[in-house]
Structure formats: structure tokens, C-alpha cells
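For reference, the chains in residue letters:
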Amino acid sequence: MNDRAAVRGMTLADSWRSFRTAISLGWAIEANWSDPFLFAVYTMAKPLAAAGILVVMFQVISGGQNPEFLQFLVVGSALWNVVFGVMAGLVQSILEDRERYRMIKYVVVTPTSLFPFLLGRSLARVVTAFVAVVLTLAVGVVFLGVDLQPNLLYLVPAMVIGVLSVIGLGIFMAGWCLQLRQEAWHYPEAIAGALYLVSGAIFPIDVLPSWLHPIAYASPTTWWLEASRRGLLGHGSPGLLGGISDGMVMLFLVISTAIVIPLSLAAFAWFMKRARQAGLLDMVTGS
Amino acid sequence: MTRYRTMATNPREAAEWSTGRVIRSNLRAIVGRAYPRVIGLTREKSWLFFEIVLPFLAVSAFVFVYRALGAPEEFVGFVVLGGAMTAFWLNVVWMMAAQFYWEKDQGNLELYFTAPMHLMSVLAGMAIGGLVLTSSRALAVIGIGSLVYGVTYQVQDPLALAGVFFLTMIPLYGMGMLFASLFLLWGREAYHLAELLQEPIYFLGGVNFPLRAIGPVAGVVMATLPLGVGLDALRQLAFENVEGILPVGIETIILAVMGVVFLVAARLALGYLETLARREGRLTLRWQ
Numbered sequence: 191m192n193d194r195a196a197v198r199g200m201t202l203a204d205s206w207r208s209f210r211t212a213i214s215l216g217w218a219i220e221a222n223w224s225d226p227f228l229f230a231v232y233t234m235a236k237p238l239a240a241a242g243i244l245v246v247m248f249q250v251i252s253g254g255q256n257p258e259f260l261q262f263l264v265v266g267s268a269l270w271n272v273v274f275g276v277m278a279g280l281v282q283s284i285l286e287d288r289e290r291y292r293m294i295k296y297v298v299v300t301p302t303s304l305f306p307f308l309l310g311r312s313l314a315r316v317v318t319a320f321v322a323v324v325l326t327l328a329v330g331v332v333f334l335g336v337d338l339q340p341n342l343l344y345l346v347p348a349m350v351i352g353v354l355s356v357i358g359l360g361i362f363m364a365g366w367c368l369q370l371r372q373e374a375w376h377y378p379e380a381i382a383g384a385l386y387l388v389s390g391a392i393f394p395i396d397v398l399p400s401w402l403h404p405i406a407y408a409s410p411t412t413w414w415l416e417a418s419r420r421g422l423l424g425h426g427s428p429g430l431l432g433g434i435s436d437g438m439v440m441l442f443l444v445i446s447t448a449i450v451i452p453l454s455l456a457a458f459a460w461f462m463k464r465a466r467q468a469g470l471l472d473m474v475t476g477s
Numbered sequence: 000m001t002r003y004r005t006m007a008t009n010p011r012e013a014a015e016w017s018t019g020r021v022i023r024s025n026l027r028a029i030v031g032r033a034y035p036r037v038i039g040l041t042r043e044k045s046w047l048f049f050e051i052v053l054p055f056l057a058v059s060a061f062v063f064v065y066r067a068l069g070a071p072e073e074f075v076g077f078v079v080l081g082g083a084m085t086a087f088w089l090n091v092v093w094m095m096a097a098q099f100y101w102e103k104d105q106g107n108l109e110l111y112f113t114a115p116m117h118l119m120s121v122l123a124g125m126a127i128g129g130l131v132l133t134s135s136r137a138l139a140v141i142g143i144g145s146l147v148y149g150v151t152y153q154v155q156d157p158l159a160l161a162g163v164f165f166l167t168m169i170p171l172y173g174m175g176m177l178f179a180s181l182f183l184l185w186g187r188e189a190y191h192l193a194e195l196l197q198e199p200i201y202f203l204g205g206v207n208f209p210l211r212a213i214g215p216v217a218g219v220v221m222a223t224l225p226l227g228v229g230l231d232a233l234r235q236l237a238f239e240n241v242e243g244i245l246p247v248g249i250e251t252i253i254l255a256v257m258g259v260v261f262l263v264a265a266r267l268a269l270g271y272l273e274t275l276a277r278r279e280g281r282l283t284l285r286w287q
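So the protein lines, in turn, are chains Y and G. The numbering used here numbers the first residue of the first sequence as 191 and each following residue consecutively. The numbering used here numbers the first residue of the second sequence as 0 and each following residue consecutively.
These are calculated hints, taken from the structure and not from any lab test. A hint or two may mislead.
As the list claims (entries may be wrong) - Computed beta-carbon distance windows for the label pairs:
1. Val474(Y) to Glu12(G): 28 to 38 Å
2. Ser135(G) to Trp206(Y): 29 to 39 Å
3. Ala161(G) to Leu354(Y): 43 to 53 Å
4. Val350(Y) to Phe48(G): 33 to 43 Å
5. Gly218(G) to Val231(Y): 14 to 24 Å
6. Leu110(G) to Val474(Y): 16 to 26 Å
7. Tyr291(Y) to Ser135(G): 14 to 24 Å
8. Ser135(G) to Ile449(Y): 37 to 47 Å
9. Phe48(G) to Val231(Y): 52 to 62 Å
10. Gly254(Y) to Arg42(G): 32 to 42 Å
11. Val397(Y) to Ala222(G): 34 to 44 Å
12. Lys44(G) to Thr201(Y): 44 to 54 Å
13. Leu228(Y) to Pro246(G): 51 to 61 Å
14. Gln153(G) to Val397(Y): 24 to 34 Å
To be verified - If the Cβ cut is set under 7 Å, some of the chain Y residues that face chain G in the computed set are:
15. Met200
16. Ala235
17. Gly242
18. Ser252
19. Gly253
20. His376
21. Ile392
22. Phe393
23. Val397
Predicted, not measured: the structure shown is a model, and the values here were computed from it. Note that the Cβ used here is the ideal one computed from N, Cα and C, for glycine as well.
Okay, chain Y solo, but in the shape it has when bound (with noise of 0.2 Å):
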């Protein structure tokens, strides 16, 4: 029997009451339980940080020439926390409702939808990653002589279809970590790790052995990065991506998101399924 059919009349409206008590629940976990003080350190000085050492490098090495390559490197190592935010705060709303607060089995049994719960309680998280955006483009203009021309009717199209394809595969990873054990929160590091490193986050991936080029083409990460560097800065990254029409990389992006996005949200129902039948909603691994 589906457990769905004794629950009649589920509209929008209550999917909506769950997604806005959930984005509460979410805010309260991540920020209203922290000290305001440490928490704003904490939002701050993570994203900076990680920004401040890719500075260091290139001053290091560069002495302050190819101001384009530092431009690259502050764009991509801001938008960077987008990537992170989204995966971690979707893996980790999860495994933290499962393990630590074991709730999730209550949520599920709700007549309800798992899924904008799901959404709304990794919001915080996302906005926080937001705020670290914001923050690291701030000082990298401010401090770093970053020059951003923002081009709004290339940039907020290429920003949402990005956000929405790395949503997409935050809920990939979701319903894939719902399946493992204790390992299940390293992937989100890993993965976010392993794009990162074949995106052109930080470097252009010409300097990447030539087997990883089709993993980093096929990835709508690098199409989304690349955008939003020309919706940001006006141009692309240096080498092989810079060379490609801002028409194409937008239509790269779109067609990368419309192959994730349903993938992902196949393979997140077929994960709730098996987690359902196999018991896997109130396992707890004492991680």
C-alpha cells in the first residue's frame, strides 16, 4: 500500500507550512543556538580565509602582476562557497535529523512531504553561504583592486540555473548519503572536493591532466562558474573556457542543469524508497 493514500487533499499551502517551519528549525540549529558574536566570526572569517590564502599564493608567486588571474581566483573562491553550502547543508540537514537529533523518521511519517522540509531545513546554511559571497567579493573590491562590472541580464540567469543545478546536486547527495553509514559525512568534503578541483574554481582547467577535461566539461559546476565570472567580471577565465561565446557557456550551463535536475530528483525518490523498505530512516551508526 502506498502510504501517500490515506492523506487526501495535500496542497501547495501545506508544503509551504513545512518549508517555512523548517527554514525556523534550520535557523534556529545553525545560528540562533550559536553566540551571535561566534557565529558572525564564523561566517566571516571561514570564507575570507580560504580567499585570504588563494591572495597569499599569488602574491607570492606573481608579486602582484596579472591582476586578471587575481580576479579569477577571488570570483571563484566566493562563489566557491555556494557549492559547499548547498551540499553540506542538504547532506548534512539530513544525516544530523537522522543521527543526532533522530527526527527524521517523525518528519517522514507526517503527511507531509520529506522534501521541502528537506529544502527549508538546509536554507540557513545556503543563505549563510550567501553571506559569504558577498563578503569575500566585498573585501576582494574593496582591498584587492577586484573590478566588477556586472552584467545583471547575463549574471542573474546564469546565478539561478547554477544555484539550481547545484541544488540539484545537493539532493543527489542527500538521498545517496541516507544510504551509508558513518562515512556518509565526508561526502559532501569529497564531492564538493573533487568538483572543485575539476570546475576551474580556483585554476583554469587547462592545467588539469587532459582525461579530467570531459569530467570537468560534463559538470554544470564549471559552466555555472564560468558564467557567473563573465556575468561578474565582464570576462571569462583565462585558456580554454575564456575562448568559448558567453551564448554557448549559457546554453552549456542550461543543458547541464536540465540533465541534473531530473536525475536528481529520480534518484532521491528511488533512494526515499529504498530507505523506507530497508529501514534506513531511524538507522543510527553512533557517528
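Knowing the structure of chain Y, use the given hints to seat chain G on it.
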């Protein structure tokens, strides 16, 4: 029925054991707490994979940045060595500093406080086990990183290199012991604190670039951060013509002093924590 009365303020005093038995119990506690980490070397294969792959991915990203910038090849060696030391730092942050907090969540901390061994023994066991576990990961990062990226080392004095490495580990894990108490006191902030002690410390510790590149801030690092001091000394010993912040001899003395300071501070913090845990009774409770 005899009513048991004691003036003891903790289980160690209440046990009224001979010195020999106290020593044996504490040694057993050290071995017992180190055991899961040492045995985990082979049992948790997935951890082995992640703990090598994650630092290796980070190392690779920074290596490619240097290559894109056309940096001299010794910088690749700097990054590989920094990546290996990162494994130790991550172990200190997540498996030492945050460990008491996780133990509380799992309900073990109450047992520690009621057992008649010293909590320093538990922390020492964690540190020894963690050191063994992480050494294998760090060696793998150095081995794979050096092979894949063709790093060559010019070690003139292997004994000095090994000595500085072990001397770095003492204040590093001493710092972890100190943080274990502090993280527990700060309660739910443990996760944020652990996160906060990553990128900012990699930046201040000069994990991916020569420490002197951060200018006067390096002086503060020299006085407070064993990771930065140890890494600066190790780079001078592992590569030729590397100009450190200070000569290796002075950095060795700084590491030795830091070792004593952090271990004493850890013991004091633990004593305070124990008093607080007994007086207030909620420090060891889950979800608090």
C-alpha cells in the same frame, strides 16, 4: 547495612588505591582509549579512503594553482608537506578538541567522570591513537603527492627532521587536549569552533605558502600556533635554500616551550571542567 561515607572529591580519591594500581589503571585507560583509533587503521577502510583522499584533493587544488601561476617546483613540495600536516591538524580539531563534545552526545562522558582514572589518561590515549592513525594518512598523502607531482626532498639531517616532527606533535596534541575542555564548556558551539579552526588556521599557519609571506602576523603565529612553527622548521629541514621565519634551533626551543605550556594548560582546564561537571551536574549530560 553499612552506609558508605567519603570525603573524596572525585572517584580517584574515593578508590583509595595503591600507587601501583593507580599507575596501572591510568596506563590501561591510555591503551584502552588509543585502541579504537589504532585498530581503526585497518577496520574502517572507508575512513582510510576519505582521510587520504580529502587532503589529497585539497593538495591537488593548490598544486594546480601554483602550476597555473608558473611557480617554481619547490612550492609544490611546500603544499604537499602542508597537506600532510593538515591531516594532523584535522585530527587534533575533530578527534581531540571536539571529542569530549561527541562523547557527551553519545553518553560516554558521564562514564569517564565516574571512572577512577585521570581524564588526562583518556586524552593521552586519544592523542597517541590519533597520532598513529593520522601518521599513516599523512605518510600516504606525502607518498602519493610526491609521486604524482614529482616532489623531491633534500633532507640533510633526517634525525633532526624526525625530532622536529615529534616535537611539533607534542604542543599540537597538547593544544587539542586544552581545546577538548574548552569546547565542552562552550557546548553547542563545538561544531562552529571546529569549522572555525580550519581555513583561518591554514591561512595563519602558512600551510600552502611560506609563512613569511603573511608579514608581521607570522610573529604572532610563532608565539601561539605550533602548526605554523613546526611547518616552518620542517620545510627548512626538508628542502634546500628555504628561508624560514627563525632558524630551526630557535623554532625547536619554541616548540618545546609550547609543549609544556599547552600540556599544563590542558591539565588545569581539565581540573576546572571536572569541578564544574560535579558541581553543576549538567556538563556531562547529552543535549546540553
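**Message:** Holds or violated: the 24 to 34 Å window for the beta-carbon distance between Gln153(G) and Val397(Y)?
**Reply:** Hint holds: Cβ distance 26 Å, inside 24 to 34 Å.
**Prompt:** Does the Cβ pair Val350(Y), Phe48(G) satisfy 33 to 43 Å?
**Reply:** holds, 35 Å
**Asked** Hey, does the Val397(Y) contact hint survive, CB to chain G under 7 Å?
**Response** Holds: closest Cβ of chain G sits about 5 Å from Val397(Y), inside 7 Å.
**Asked** Measuring from beta carbon to beta carbon, are Val397(Y) and Ala222(G) in 34 to 44 Å?
**Response** About 37 Å separates the Cβ atoms of Val397(Y) and Ala222(G), which means 34 to 44 Å holds.
**Asked** How does the Cβ-Cβ distance of Leu110(G) and Val474(Y) compare with 16 to 26 Å: does it lie in that range?
**Response** The hint (16 to 26 Å, Cβ to Cβ) holds, given that Leu110(G) and Val474(Y) are roughly 19 Å apart.
**Thr201(Y) and Lys44(G) - C-beta distance against the hinted 44 to 54 Å** = holds, 47 Å
**Prompt:** Do the beta carbons of Ser135(G) and Trp206(Y) sit within 29 to 39 Å of each other?
**Reply:** With Cβ atoms ~50 Å apart, the hint is violated.
**Asked** Does the hinted range 32 to 42 Å hold for Gly254(Y) and Arg42(G) at CB?
**Response** The hint (32 to 42 Å, Cβ to Cβ) is violated, given that Gly254(Y) and Arg42(G) are roughly 50 Å apart.
**Prompt:** Holds or violated: is the Cβ of Ser252(Y) closer than 7 Å to a Cβ in chain G?
**Reply:** Status holds, d = 6 Å.
**Asked** Per the CB criterion, is Phe393(Y) less than 7 Å away from chain G?
**Response** holds, 4 Å
**Asked** Quick one: are Gly218(G) and Val231(Y) within 14 to 24 Å, going by C-beta?
**Response** holds, 22 Å
**Prompt:** Between Phe48(G) and Val231(Y), is the Cβ distance one that fits in 52 to 62 Å?
**Reply:** Roughly 33 Å apart at Cβ, these two residues miss the hinted range, so it is violated.
Against the hints set out earlier in the document, violations occur for numbers 2, 7, 9, 10, 13, 15 and 19.
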